[in-house]
Structure formats: C-alpha cells, structure tokens
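Residue numbers (this note's numbering), protein chains in the order written: chain A, 43 to 308; chain B, 94 to 212; chain C, 38 to 355.
Since the hints were derived computationally from the structure, they do not count as laboratory data. There could be a bad hint or two in this list.
With a straight-line cut-off of 30 Å between C-alpha atoms, the simulated DSS-like cross-links for lysine-lysine are [as the list claims (entries may be wrong)]:
(1) C:K102 <-> A:K123
(2) C:K63 <-> B:K179
(3) C:K229 <-> A:K142
(4) C:K135 <-> B:K165
(5) C:K102 <-> A:K142
(6) A:K142 <-> C:K319
(7) A:K142 <-> C:K154
(8) C:K344 <-> A:K142
(9) B:K152 <-> C:K342
(10) A:K142 <-> C:K150
(11) B:K158 <-> C:K266
(12) C:K344 <-> A:K291
(13) C:K342 <-> A:K142
(14) C:K264 <-> B:K165
(15) C:K63 <-> B:K164
(16) C:K63 <-> C:K80
(17) C:K154 <-> C:K264
(18) C:K80 <-> B:K164
(19) A:K220 <-> C:K344
(20) C:K135 <-> B:K152
(21) C:K317 <-> C:K164
(22) B:K152 <-> C:K139
(23) C:K344 <-> A:K215
(24) B:K165 <-> C:K266
Covered by chain C, according to a simulated footprint, are these stretches of chain A (three or more residues, beta-carbon under 8 Å) [claimed, not checked]:
(25) 64-76
(26) 91-105
(27) 113-126
(28) 143-150
(29) 202-208
(30) 291-301
The C-beta atom is built at its ideal place from N, Cα and C for all residues, glycine as well.
The primary structure of each chain is shown beneath.
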Amino acid sequence: MRNESLKDIAIKELLLQLADDDFIHSYRGAEWLGLAPHIEEDVASASISQDTMGHAAIYYKLLDELGEGDADKLAHDRPAKERRNAIILELVNGPGHYMKDPDYDWAFAVVRNYFYTQAKAIKVQSLHSCSYEPLAEVAQKVQMELYYHLMHWKTWFVQLLGSGHLEAVSRMKAAIGKTMPDFAGVFSLGQYGEEMVELGLIEGEAVLQKKWIEAITPIFESVGLAATIQIGMARGDGRNGQHTEDLEKALKTLSEVYASDKAASW
Amino acid sequence: METRQGNYFEEFEVFSRKTQSSPIQYHFSLLAPNEDIAIMMAQENFMRREAVDDIWVVKRRNIRKMTAEEKKTLQRIDNKDYRTTKGYGYLKKKWRKYEQGMLDEKEIMSWAGGVKNEE
Amino acid sequence: MNVLLNDMAGEEKLNQFIARIEAGEKIEADDWMPEEYRGTLIKLISMHGISEIMGALPEKEWVPKAPTLNRKLGIMAKVQDEMGHGQLLLRVAEDLLKPYSKKRDDLMQDLFKGDLKFHNVFHMEAKSWGDAGLIGWLVDGAAIISQTNMLGASYGPYARALQRICAEEVFHAQHGEAIIMALAEGTEEQRKLVQDSINYWWESLLLFFGPPSKKEVGTSKQDITIKYKIRTSTNEELRQAFFSKYVKRILSLGFSIPDETLRFDKESETWIYQQPDWGKLKVFARNEGPRSQDRLSLRRNSYEKNKWVREALAPKII
Ligand SMILES: [Fe+2]
Ligand SMILES: [Fe+2]
Numbered sequence: 043m044r045n046e047s048l049k050d051i052a053i054k055e056l057l058l059q060l061a062d063d064d065f066i067h068s069y070r071g072a073e074w075l076g077l078a079p080h081i082e083e084d085v086a087s088a089s090i091s092q093d094t095m096g097h098a099a100i101y102y103k104l105l106d107e108l109g110e111g112d113a114d115k116l117a118h119d120r121p122a123k124e125r126r127n128a129i130i131l132e133l134v135n136g137p138g139h140y141m142k143d144p145d146y147d148w149a150f151a152v153v154r155n156y157f158y159t160q161a162k163a164i165k166v167q168s169l170h171s172c173s174y175e176p177l178a179e180v181a182q183k184v185q186m187e188l189y190y191h192l193m194h195w196k197t198w199f200v201q202l203l204g205s206g207h208l209e210a211v212s213r214m215k216a217a218i219g220k221t222m223p224d225f226a227g228v229f230s231l232g233q234y235g236e237e238m239v240e241l242g243l244i245e246g247e248a249v250l251q252k253k254w255i256e257a258i259t260p261i262f263e264s265v266g267l268a269a270t271i272q273i274g275m276a277r278g279d280g281r282n283g284q285h286t287e288d289l290e291k292a293l294k295t296l297s298e299v300y301a302s303d304k305a306a307s308w
Numbered sequence: 094m095e096t097r098q099g100n101y102f103e104e105f106e107v108f109s110r111k112t113q114s115s116p117i118q119y120h121f122s123l124l125a126p127n128e129d130i131a132i133m134m135a136q137e138n139f140m141r142r143e144a145v146d147d148i149w150v151v152k153r154r155n156i157r158k159m160t161a162e163e164k165k166t167l168q169r170i171d172n173k174d175y176r177t178t179k180g181y182g183y184l185k186k187k188w189r190k191y192e193q194g195m196l197d198e199k200e201i202m203s204w205a206g207g208v209k210n211e212e
Numbered sequence: 038m039n040v041l042l043n044d045m046a047g048e049e050k051l052n053q054f055i056a057r058i059e060a061g062e063k064i065e066a067d068d069w070m071p072e073e074y075r076g077t078l079i080k081l082i083s084m085h086g087i088s089e090i091m092g093a094l095p096e097k098e099w100v101p102k103a104p105t106l107n108r109k110l111g112i113m114a115k116v117q118d119e120m121g122h123g124q125l126l127l128r129v130a131e132d133l134l135k136p137y138s139k140k141r142d143d144l145m146q147d148l149f150k151g152d153l154k155f156h157n158v159f160h161m162e163a164k165s166w167g168d169a170g171l172i173g174w175l176v177d178g179a180a181i182i183s184q185t186n187m188l189g190a191s192y193g194p195y196a197r198a199l200q201r202i203c204a205e206e207v208f209h210a211q212h213g214e215a216i217i218m219a220l221a222e223g224t225e226e227q228r229k230l231v232q233d234s235i236n237y238w239w240e241s242l243l244l245f246f247g248p249p250s251k252k253e254v255g256t257s258k259q260d261i262t263i264k265y266k267i268r269t270s271t272n273e274e275l276r277q278a279f280f281s282k283y284v285k286r287i288l289s290l291g292f293s294i295p296d297e298t299l300r301f302d303k304e305s306e307t308w309i310y311q312q313p314d315w316g317k318l319k320v321f322a323r324n325e326g327p328r329s330q331d332r333l334s335l336r337r338n339s340y341e342k343n344k345w346v347r348e349a350l351a352p353k354i355i
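Next comes chain A alone, as it looks inside the complex (with noise of 0.2 Å):
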C-alpha cells in the first residue's frame, strides 16, 4: 500500500468516476453508429459520443499526471471489479450485439443519454470550485460541449413524450422506469465521498441528487409526466467496484486490440 494522503485518494477516486462514467457511457454511444433512426441523427449524436470520449480522455489524462498509468492502460487494462463507473451507463443498449441483430432501444438511449447529461452538467458545475485547481479548469471546458449535449438530448426526450403516439410514450415511460431504478449511482461519490465533499473537490451526492431532481421535473410536466422522481441504486454501487455482466463484456471488446499486445504500439 502507498502511503498517499487521503486527499490524494479522493481525488483520485473522484477522477476515476467522472472519467469511467463518460468512457463508458461513450462505448455504449458508439456501438449506435450507423443505427440511429435517421442518418442525419447519427451524424449528430457521433459527435457527442466523440465529445463524451474526449472527456474521458482528459480525466485519464489528468490521472496520468498524478501517478496512475497511461491514458489507454487506464482505460483499456482495467478489470471491471476496478472501474469505478455507475452501473445505469454500463447496461447494453438493448439485447443482441452490435454486428449482429441488435435489439437496440431508442427510447432508452433517449433517456439514459438525458438524465446523464443532465446529471454531468450538474456535477461539472460543482466542479467549477473544486479545491483540486487542475480539476476546476478542466470543468470549465467540458461544460462549454455540454450546452450541446443536453439541447440535443432534452429536445428528443420532449418531443418523443410530447408526441401523442401511443408506442413512442409507452417506450418512453418503459424506459424511464427502467433507468430510475439504478441512476442514483451517478450520484454515488463511493466510499470516500464524505472526504471528497470536506476537502472541497464536489458537492454532496444529495445537493447534487436535488439539483438534477430540480432541473428536470419542470420537463417532466412539460409533457404531463407526474414528478415523482424516485431514483435508486438497485444494481449496487458501481463506484465500490460492483458491476454487471454487461461491463464484463464490454471490456472484453474494447481492449481485444489492446491486449493482443500490450507493449506493442498501436
């Protein structure tokens, strides 16, 4: 064991969340190339799984700087017992695989993608005054693609609800009861969240869990949804380590390359 001051610890905790969170939330973003409804939305919506990649890619990097590895072992060559992302963004899009037969469910993406979003923007603002300076900066640059990101999501979010069509609300509705059940593990800081909260690096889970509950149930009547708003952590937290069989294989995919030869440079 190194002997690492708790700040250390918590910082580096909280860098491990926030970059797992958008690697991951990103794979799944990209496994929907080429199979969005429309052209025109694949186009768009690559570019944020890009944007969400490269955010990763920045808090990887701030990891490196401190100690942990390279950017791609980080993210590459680490079992999921390790990662340290919410479970509600490791959950495949939908049966099947993404080459053959994906059963995959807009109307989950939809809602996944928003409340994440949501839930960034709200965490990326607290760390607008994180007490890790390195961290407060890198805040304000991956807020200036998230006015993007949260437009593009909240405007398929409300016109998919807002649509009268019997089977896009019923998908909806499905969806949303099937993401709420697990999102409170966005908002899980894991077991050093008290430290993170007292050194100042970010908010508290529950100040962050109501600013988002705040930002949207006004969408939420918007579209004659009733606003309760119960989120959970049904599957465990993903910030201790605990993870789905989901994540296993996805892992399993995305260093197939990688760990065909670690060494070797690609």
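Please build the complex by placing chains B and C with the ligands on the supplied structure of chain A, with the hints as guidance.
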C-alpha cells in the same frame, strides 16, 4: 405507398454565419421532422470542423428560388465599369501627379475604426 | 413568367442542355434535363450514397475495439463522416427522384429488396484491426481517386457534395495511413496484420473501379457519365491512377502485393496487372458476397426497429 413515417422526412435548408458580421452562407439540406430537430442536427452534420456564430434552418418549401427561366433576368452585359471602382482606376495615376493617394476600397474601409488626424 | 422558354420543343431543349454542359455550366436540381441524364445521375448517386452508408458498417465493427483512446476517437470520426457522406449524397439523389415521388424511405426499401446496389468493397469482411486500417488507407484511397475525378461534375449539387466529401477524405486517407504506419513500424505480428489485409483486399481494390470496358461484365455506365461530363476518366484510367499513387507506397513500407505480374511498362506507360475475377462483381451485385447479407440485415434491422421514432415525430396528416 405513402406511410405516415414518410412525412417524418421534411426538407430543411441549412445556413450559417461565421461571425456576427459575416454574410449568411448556405451549407446543404437535411431531413428532419421539425425545425427544432433540424437545428439540433445542423451543426454536427455540416459544420463539425468549423466554428460558427449562428445557424438558420429554413423549411425548403418556404424558400422561393428562381426558376431556370427567371435566372435569365440575372444576365447583364459586361459594360458597367462606370458603376464599379474598376472604371476609375486611372485616378490613381492622376492623383500621383498631385502627390495624393488613391481613395480605394482598402483605404476607405480602413476609416471604419476612426481616422487619424493628420495635416 | 414563362415568356421565352416554355414552349420550346424537346429537341431544342436538349441542344440547349448539351450546350450548357459543353460551356462548363452547372445543371441544378430544378433545371430541365434529359431523362437519360437524370436516370444516370440517380443510379450513380444513389449507389454512391447508399455505399457510404453501407461502407460505414465494416469500419463500425472496429470502432469499439480500436486499441487506444485516440484510435477510438479517430475511427468514430471517420465512420461519422462516412454516414455524413451518405447523408449528403442521398439528399442529392432524393432531389433528383422528385419527379418519381420517391423519398428516402423508398431508397432504403430499394436497398433491402436488392434493387439498389452498394460497392463491392463493402460486401467484404473486416476481419482484423489491420483491415480497419487498410480500409482507411487503400479503400478510401481508391474512393478518393474516383471521387476527385468527379469534382467538376456537370451536375451542381453532386459537385458541391463531392467538394465537401473530398475535403473530409483527406482526413480519412491520413487516418488510414496513421493506423498502417503504426502497424508497419511495429512487431512482426502487427506487420503481418497489414500484409494479410493487403492480400485479402487487393482484388477488391481492383474490382472497385469497375471493368475496363463493356465486354467484362456486359454493361458499363462509364460512357454515359463521360458523355455528360459527370466524370472525366474511364474506369481503367482511374485504376491506373490508383496504381501510380499507391503501389510505391505499399512497397516502400516493405509489404508485397499479391500479383507477381504487376509492373509498370515504360513503353506504353501503363501498369500491367493480373485481371481480377470480374465475375465477382455480379456476385456482389446479387448481394452474395461474404458479408452482404449480414450488413443488409443490420441496416434493415435498425431501420425497422426505429420505425416508431419516425412515426411518432412525423407531422400529423390532417
Ligand atoms: Fe466517404
Ligand atoms: Fe472516406
């Protein structure tokens, strides 16, 4: 066979402006069910490698373009130097005789930020 | 309006149309054009467009697997561009299809029915990361040669779409070269990835430009496209250009080309090469290539599965 989803593909023309003072530039057209979705998709479809200041989307059926025939009205004989600076280039030489510079486009446009007092 | 032109006889219209093309003028979507011209453009551009969309799939397969963050980002951006090229080209084709009241949905259905073909290269398997790199390097290289050849196309909307596309292709070529360069300068296994890819793709690359003349497969659109100034070079001239630009690059990295007869004949100033199996073009056209059916079913699957989205947001018919 006209399905309802056929209507989903409404045509929008996409325009942008690089800076607040640049002219509107046409990009291309895209398909979207309504203008909110059209504007949400426009930048990443056509301007993902360039910075812009504003984007317009216009439903194509709201644009009145000229017909091939109407375009004929745009033809002119190339004899209108009298209304362009080209027809007055000879002044440069003239002014030189009086030790004066030419008030050409570059010079006049440079007054935009105020003119330095001089004798 | 309609003062001068409307009652013009068909033949006169045709003569005027030819004169405009000869003078280097661009034809626009709303302009009068002979049926043969429209038909040729529709065939060419809808195939080009749908090939971009189908062409995104082989590389898409490698997006999640790309070995570094930077490669993941690069290949995502590249696949995104290919979808974007499809978008631009289908818009051009859709406008040409107006007189037949055909829309994007109809083009997709044509693809699924097998009436609308996509390029031979995109029926092939992308088996390895080496293939992912080679597609960017040589398949895009071949595509750049044929696309730049049409930059001056007489049909304005196509020329403008190609202008945007070719600008992005420059990035694709460099993206492909970067992947290949890293592998070429890497381990023996990495170099083998590239060599295997070259061996697997070489014939497809030659087929890509189409047969030299009618006699190889029975039909060839090349004469009409040249007549109407949609492109300038023949299939064979484009293939020769590909050899001229790429053979020395491949060899310079120490790789071999699976054609012992390949050489530049100084006297005739042409490349001599082993003719590919032209019959394969027909196999691909029947969607019977190694991955034809899988890719089609993936495209069909996503189109059908998302139908509810398009229905939900379609403006209501009153
Ligand atoms: Fe392309
Ligand atoms: Fe390309």
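Comparing the hints with the structure gives:
Restraint check: the Cα-Cα separation between C:K102 and A:K123 comes to about 20 Å, which is no more than 30 Å; the hinted pair holds. This hinted pair checks out: C:K63 and B:K179 have alpha carbons roughly 28 Å apart, not beyond 30 Å. Straight-line distance between C-alpha atoms of C:K229 and A:K142 comes to about 28 Å, which keeps the hinted pair within the 30 Å bound. A C-alpha spacing of about 24 Å is found between C:K135 and B:K165, which places the hinted pair at or below 30 Å, so the restraint holds.
Note on C:K102 and A:K142: the hinted pairing holds, with a Cα-Cα distance of about 16 Å set against a maximum of 30 Å. Under the criterion of a C-alpha separation no larger than 30 Å, the hint pairing A:K142 with C:K319 is consistent with the structure, at around 25 Å. Simply put, A:K142 and C:K154 have alpha-carbon atoms about 21 Å apart, close enough for the 30 Å limit, and the pair holds. Our distance criterion of 30 Å between C-alpha atoms is met by C:K344 and A:K142, whose separation comes to about 19 Å.
Taking the CA atoms of B:K152 and C:K342, the gap is about 28 Å. The hint holds against a cut of 30 Å. Distance check on the hinted pair: A:K142 and C:K150 sit about 19 Å apart at the alpha-carbon level, within 30 Å; holds. Distance hint between B:K158 and C:K266 is fulfilled; the C-alpha atoms sit about 26 Å from each other, no more than 30 Å. Distance restraint check for C:K344 and A:K291: the Cα-Cα separation of roughly 28 Å lies within the 30 Å cut-off, and the hinted pair is therefore satisfied.
Our distance criterion of 30 Å between C-alpha atoms is met by C:K342 and A:K142, whose separation comes to about 13 Å. Between C:K264 and B:K165 the alpha-carbon distance is near 26 Å, which keeps this suggested pair within the 30 Å criterion. Among the hinted pairs, C:K63 with B:K164 is consistent with the structure: their alpha-carbon atoms are about 13 Å apart, no more than 30 Å. Only pairs whose Cα atoms come within 30 Å are accepted, and C:K63 paired with C:K80 is accepted, the gap being roughly 19 Å.
For the proposed pair C:K154 and C:K264, the alpha carbon gap of about 23 Å is at most 30 Å, so the pair holds. Of the supplied pair hints, the one linking C:K80 and B:K164 holds, its CA atoms being roughly 28 Å apart against a limit of 30 Å. Under the criterion of a C-alpha separation no larger than 30 Å, the hint pairing A:K220 with C:K344 is consistent with the structure, at around 21 Å. Distance restraint check for C:K135 and B:K152: the Cα-Cα separation of roughly 16 Å lies within the 30 Å cut-off, and the hinted pair is therefore satisfied.
The hinted pair formed by C:K317 and C:K164 meets the criterion: a straight-line CA distance of about 20 Å does not exceed 30 Å. Between the alpha carbons of B:K152 and C:K139 the distance comes to roughly 19 Å, so the proposed pair stays at or under 30 Å and holds. In summary, the hint linking C:K344 to A:K215 is supported, as the alpha carbons are separated by about 18 Å, within the 30 Å threshold. For a cut-off of 30 Å, the pair hint linking B:K165 to C:K266 stands: about 23 Å separates their Cα positions.
Only residues whose C-beta sits within less than 8 Å of a C-beta in chain C count toward coverage, and the region 64-76 of chain A has 5 of them, enough to reach three; the restraint holds. Under a criterion of three residues with beta carbons nearer than 8 Å to beta carbons of chain C, the stated coverage of the region 91-105 of chain A is upheld, 7 such residues being counted. Counting residues of the region 113-126 of chain A whose CB lies closer than 8 Å to any CB of chain C gives 4, which reaches the minimum of 3, so the coverage claim holds. A stretch counts as covered by a chain when three or more of its residues have a beta carbon under 8 Å from one of that chain; for the region 143-150 of chain A and chain C the count is 5, and the coverage holds.
Counting residues of the region 202-208 of chain A whose CB falls under 8 Å from any CB of chain C gives 3; the rule of at least 3 is met. Evaluation of the coverage hint for the region 291-301 of chain A: fulfilled, as 6 residues show C-beta separations to chain C shorter than 8 Å, against a requirement of three.
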